[in-house]
Amino acid sequence: MSDHSNDAVPLDPARVRSKRVEVGGDWRRVSRKYIGVELVGVALFGLVAIGATLVFSLTRWFAQPFGWILVGAAVVTTLVMFAVAPRRVRSIGYQLRDDDLLFRRGIMFHRVVSVPYGRMQLIDINRGPVARFLGLAELRFVTAAAATGVTIPGLVDSDADALRDTLVSLAETRRAGL
Amino acid sequence: MTEPVAPPLPGGGEWLRLHPATPLLKGGIALIAVIGFILANVRERLIEAFVGGPDGGDLIEELYLRGHLGWAIAIVLGALLLGVVAFFLSWRMHTYRINDEAVEVRSGILFRTHRQARLDRIQGIAITRPFIARLFGAARLELSVAGQDAKVQLAYLKGSDVDRLRHDILMLASARRAEEGVAQGATAGGAAGSPDAVGPDSLIGRRVTELLAPELDPQEAPPQSVVRISPLRLAGSLLASGATLFVLVVAVVLIVVTATGRELGFLFLFVPAFIGGAGYYVRKVTRSLRFSIAATPDGVRVGYGLLTTSNDTLPPGRIHAIEVYQPLLWRPFDWWAIRINRAGHASSGSGSQPATTMLPVGTRGDVDKVLGLLLPGLASADTRHLILAGMVSSGQTPGFAVDFVAAPRRARWLRPFSWRRTGYALAGDTVLLRKGLVWRQLVAVPAARIQSLHLDQGPLARALDLCTLTLDTVAGPVSASLSVLDRAGSLTAFDAISRAATAAGALEDGSHRVALPTRHQPPRPENER
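The listed protein sequences derive, respectively, from chains A and B.
The first sequence maps to residues 56 to 233 in the numbering used here.
The second sequence maps to residues 529 to 1057 in the numbering used here.
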């Protein structure tokens, strides 16, 4: 697993003092290229949202000022999502601790997940069309609980495969029955 | 555990057949009804064919007049005969085998199925005796393993054998052997003793005895461990449920509407809702009548049902989360209910709902007993006060080493009433979560069964320096999640619980899933769950 983007993030004292849920340690980040995938997603969302609201206001489906307010809201939302996308990608991180996999994501709605390696049931590697073009893959760690939801996006292909093999071998040594 | 003695395999490890009445019970009764119906209709015609004098104008009459009756009868009889042969063949081809590693079932005539369930993966065994099957002295046995539709059904078996078969399977699956050799002899004598005591002479006498026999064989479990529910309390608990409140509200609304003299045609819209509601009550009652929960040597056994009886045995360590809860209306009576999350979806009785209710309604003493059965480690004297505190009190209970870590005072902005009760505790290998002031809940999750845990924080919670802690378990009615916890405290708890989960998982690995430790089992990762 050698990727320039997997650099260690030093503990920022200001952040530790803040009211954020922060777990210290050597967080690995996902590839910067993943921002591209996010941007494409936001662009598609914006296209649909703005297009739909525009059609509705032009055909006078909505009362006149209200329709244009909706269009404005769609434009603003899309712009905000564009602006936030790089930070959202940077907020995604994971670390392999001794006994568990830590995963975090989200800025406004932040989540930190801990999965003991032994709870692994299977690992999925998925590649969407844009991600495949950029040479990225998405790794999903599946446990017996549906709510676990550990999906690490934006891994470089070779990294994803290596990480999968590491996780599988770690799970094998710490296997626990259901 | 002095000397590993492999128990004798049921049927000597050979392929066995099911109860001869299986085809009848599985749908053959419909076939017989068809035969009966046709015979009843045709009989007169047959008589008339010899006596003469036809009258009437139905289908058979037409056929008779046109001279096709013989053909029609031949076709119908041929189809029926084919059906009978098919049923018989399916019975002949449906065999099962139990060896010391797995239970295997082969079935199907044209499309053969061969299903194999490893013994160390069994999540529970359910025995169901539908009413008609009970008349025949037959029972259905279901082994559930984790996963969707992952169960092995043996339908139908001889009713008197089925309990022993369950015992044998679980004994093969567990690693206890030395003392079981003795216990098995005792149980076998007991199980076989009761029906045969009437005498081998009368088949009917035996059926009657089996029908009247108590749902739980008294020799199977020590009586002090058995928890039962009186029908009166069951009726009371149903009357005091939220559904009743809803029905009352609807009734009042309807009466008011009627009194004001409106049109009542729209009432027909409520017919489906009414049927659904009645079904809910009937299901609740049938699932809780004659309910008993007891500790048997094989695990916790839950039995219920009046006409169709079911019982479900959970081997130790198969319970993923437990919730003790109290609906609002039960509070004056101090009644509680317990439900669990489990991996196996053993369908018991009608429908495919897993049996997750461990106590439909009970007093505080019953809760104590049932928790003792479900989580033996939790019911020690040290942690009893925790359970009590988790059930009824809020805030701190002074004087004990382990206590609930409560939510901070600033949580009242988000949970104005229940913030005092919101709290968690780590007692040995179990995580306890307490919440709800109006609907009181206490959730217990064994650390070894936690699949993952996560902390969530939204913008409101961040402003108040709070966060939400969730323990993920297998799907089920219990959700182990606590909001409005202190951020710093829950970070510590997050670490502690994740360490406990890892340690408990590692410790337990292999303790309850080894079939025969004397034999080396090659690792089969693709089979592991």
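Among the hints, erroneous ones may be present.
[What the hints assert, rightly or not] From the derived model, a few chain B residues whose C-beta atoms are all more than 10 Å from chain A:
| no. | residue |
| --- | --- |
| 1 | R735 |
| 2 | L773 |
| 3 | T786 |
| 4 | I978 |
| 5 | H982 |
| 6 | A991 |
| 7 | V1002 |
| 8 | A1029 |
| 9 | G1033 |
[As the list claims (entries may be wrong)] Coverage of chain A stretches by chain B, computed from C-beta distances (three or more under 8 Å per stretch; other residues unrestricted):
| no. | region |
| --- | --- |
| 10 | 96-109 |
| 11 | 157-167 |
Just so you know, these hints were derived from the structure itself, not from any lab.
These numbers come from a predicted model, not from an experiment.
Note that the Cβ used here is the ideal one computed from N, Cα and C, for glycine as well.
Taking the hints in turn, this is what the structure says about them:
Its beta-carbon lying about 40 Å from the closest one in chain A, B:R735 satisfies the requirement of being farther than 10 Å from that chain. For B:L773, the shortest C-beta to C-beta distance to chain A comes to about 31 Å, beyond the 10 Å cut-off, and the non-interface label holds. The Cβ of B:T786 sits about 40 Å from the closest Cβ of chain A, beyond the 10 Å cut-off, so the non-interface label holds. Remark: the non-interface label on B:I978 conflicts with the geometry, its nearest Cβ contact in chain A lying 8 Å away (cut-off 10 Å).
Some Cβ of chain A comes within 10 Å of the Cβ of B:H982; the nearest lies about 4 Å off, and the non-interface call is violated. Not every CB of chain A is more than 10 Å from the CB of B:A991 (nearest about 7 Å), against its label as outside the interface. Distance check on B:V1002: its Cβ comes as close as 5 Å (rounded) to a Cβ of chain A, failing to clear the 10 Å threshold; non-interface status is violated. A beta-carbon of chain A is positioned within 10 Å of the beta-carbon of B:A1029; the least distance is around 5 Å.
Against chain A, the non-interface label of B:G1033 is violated: not every CB pair exceeds 10 Å, the least being about 4 Å. Counting residues of the region 96-109 of chain A whose beta carbon lies closer than 8 Å to any beta carbon of chain B gives 0, which falls short of the minimum of three for the stated coverage. Given a C-beta distance limit of less than 8 Å, the hint that chain B covers the region 157-167 of chain A holds, as 5 residues qualify and 3 suffice.
Of the numbered hints stated above, those contradicted by the structure are hints 4, 5, 6, 7, 8, 9, 10, listed in ascending order.
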